[in-house]
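**Student:** Each chain, letter by letter, is given below.
Protein chains: 2
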Amino acid sequence: MRFTPATELTTRYKSLQKRLQQHQLDAALLVQNSDLFYFTGSVQQGFYYLPAEGEPVYLVRKDFGRARMECGLQHVLPLASSKQLFAILREQGIALPQKIAMELDVLPVRQYKHYQKLLAPADIVDASPLVREVRAIKSDYEISIMKDCALIMDKVFQRAKDVIAVGRTDWEVLAELEQYAKGEGHQGLIRFRGFNGEAGFGHLFSGSDGAVPTYSDTPLGGLGPNPAVGQGASYKKIAAGEPIILDLVIAYEGYMVDQTRTFSIGKLPDQLSEAYMAMLKVQEKMSEVAKPGVAWGTVYQQCLQLATDMGYKDHFMGASGAQVSFIGHGIGIELDECPFIARGFDQHPLEENMTFAFEPKVVFPGLGALGVENSWRVAAEGVKRLTYSDETLLEL
Amino acid sequence: MRFTPATELTTRYKSLQKRLQQHQLDAALLVQNSDLFYFTGSVQQGFYYLPAEGEPVYLVRKDFGRARMECGLQHVLPLASSKQLFAILREQGIALPQKIAMELDVLPVRQYKHYQKLLAPADIVDASPLVREVRAIKSDYEISIMKDCALIMDKVFQRAKDVIAVGRTDWEVLAELEQYAKGEGHQGLIRFRGFNGEAGFGHLFSGSDGAVPTYSDTPLGGLGPNPAVGQGASYKKIAAGEPIILDLVIAYEGYMVDQTRTFSIGKLPDQLSEAYMAMLKVQEKMSEVAKPGVAWGTVYQQCLQLATDMGYKDHFMGASGAQVSFIGHGIGIELDECPFIARGFDQHPLEENMTFAFEPKVVFPGLGALGVENSWRVAAEGVKRLTYSDETLLEL
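In order, the protein sequences belong to chains A and B. Position 274, counted from 1, in the first sequence is what this note's numbering calls 274; the numbers after and before it change by one each time, with no gaps. Just remember that this note's numbering sits 1000 ahead of the position in the second sequence, which is counted from 1.
In short, the hints are calculated from the structure, not lab data. Keep in mind that this is a model prediction, so the values were computed, not measured. Just so you know, even glycine gets a beta-carbon here, dropped at the ideal spot from N, CA and C.
In silico SDA-like cross-links for lysine to any residue, where the CA-CA straight-line distance does not exceed 20 Å: (1) A:Lys83 to B:Gly1344; (2) B:Lys1083 to A:Gly344; (3) A:Lys117 to B:Val1125; (4) A:Lys83 to B:Asp1217; (5) A:Lys113 to B:Asp1123.
Short derived list, chain A residues pointing at chain B, Cβ under 10 Å: (6) Glu103; (7) Lys113; (8) Ser128; (9) Glu176; (10) Glu178; (11) Ala181; (12) His186; (13) Ser216; (14) Gly221; (15) Gly230; (16) Ala251; (17) Gly321.
A short list of chain A residues far from chain B (calculated; beta carbon distances all over 12 Å): (18) Leu96; (19) Ala240; (20) Gly266; (21) Pro269; (22) Glu284; (23) Glu288.
The shape of chain A in the complex, shown without the other chains (with noise of 0.2 Å):
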């Protein structure tokens, strides 16, 4: 168990202030849980208020012991209601501000309104654009309990080559290696931010349940146990000659990576073995053209259209009429975090130190699904890889 260092939650709040500071903003008060890991290193039912000058204040209703405990951060003060949040700043001698941030992306209109009535009359602003901008760049710190992520995921993937078999079904084999990854340091709980998001461990696929479409934003859906769920593995058979595709997430101390890998028992039709080959052919690309200050935007544009080129239009990221509009996301400890590798983002270039996730895949209705799915660090020479497991069609 690792308590994040005081010196990662300072540079991170300088980051902050610096954007706060920009866009004149007093203070931005965070209460969302993966903030609040990110900013104290404890999550706590509590208040993280950093003021654009000055040292942060963790406020904290429960559990302050375990604040305290875990909480790098030289302010951590009780709290008995919310209620009382200015009162304290005030006795510590912060200015209360007239603009102040909070996280507008997830917070829900319920508790927005509460605090409007809490902390009038300030002005309530977005802080999420300026948090996960600075939550984008991963430290040094951060990236080397991703590179321990890998390390479980390799071994869960190698794993996995034993308990794939004929006969046993998509579901069963996926809760067998979710035991085994939390046995590896798997944390089990997943990340992410979006609104109705419901990530979990990932995903395996044999055959046509591959090319099942869902209401998630991703390329892959598949038909799940049930329709409360409506994605992920089901209860099908795994069978011989047919893709299985399996799409895992590790977590780790906060932290995730994200892999797919595509196996089969016994060959695979050429069509789909060439199919997985022109994916590889797409993380090269990605690979080539991802580097600092090129466009997320331009990542996307450039494989999409290789991807194109090589005849997978109707079959790249999803089957025609149920595609998703990207290749990649950025992943840390949130599945959903900056950059998105994806349509639209022209203006937005890559840094050094952002991670994401890419996973160019192919969907053939009736036949299932292929791909590849690799965690990624952008250095400043270009992209390095963070997992790494064997990358060949792996016939079992």
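For this one, chain A is given, so just place chain B on it according to the hints.
**Tutor:** For chain B alone, coordinates are given in the frame of chain A:
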């Protein structure tokens, strides 16, 4: 795999319509996954539009085919973008609303602002109290699924007796039980409505770990695997002579039950086994008091009073300083539904076919936690059990 019957969907929308009319609202527009499942039977990226009079329409962006297959409503229509919403409703001959209800307890501010523009000049008001009222009363269909959940739950608790052992960690035993539960039908995904709520399969705490407080509004907390998760099972090894408390949620076909039992390996000190017996008495008290017409808060107060009278004031529902102000919570599609057997709900009467989990627990810092939990249905004559596993203090 079950599809929600059309007759169910009709009863549900008529119940919400009645409330819309009572509150002089023109329509409800629902977008959250749990509510979409309840009112349409199919979780999609879409909008459930219910006028105060007339029939509901499910407008689906992704995946329309899945919605058409799973949803028992007559009017399921494709939607390319939320901007088309009103145009399509107009084509259906639906008058545009002036007051429209959305789920403001969960809808993020940024999306709310988008809908304010989209729905202008209509006023958006909070649908969630009405939706939660409707959902609190379960049909026979829903209760029959919850009974199926209880069957799976009992199997998992039978299994627990075999896998809890000295020297194994709480973490690994829980992971093994989760895999087993998934094999028996548990759907994995647990839905929690509250902001920052991160509920999973449940908890297993041996000895002192049961008394570690956390951020969550739960009587027990736990150290968790790391500060990013900060609740639930940790890597503590199970020892003889300490209380081992297992609190699980089983979800099946979209519905849940919640159950807790207490185990020990070898005999517990009398102080602890007596405390467990006291929690059974609190449960008995609840089953005597709770019936249609009795306020949720009355049940809470009478049970709290009994626990206090038996000498557990500083241990009941958390250790002193970290106690929660509830003993039970409604359960169904989400883990935090109405009714709340909690302080302050003195004007909210229990109604027939409400379902709730009731979880009297005691916490002794340094020693651990003990308690019992079952899921219950309110029948005309009083409460009836949904979960039924052996309640003796289980010496292994």
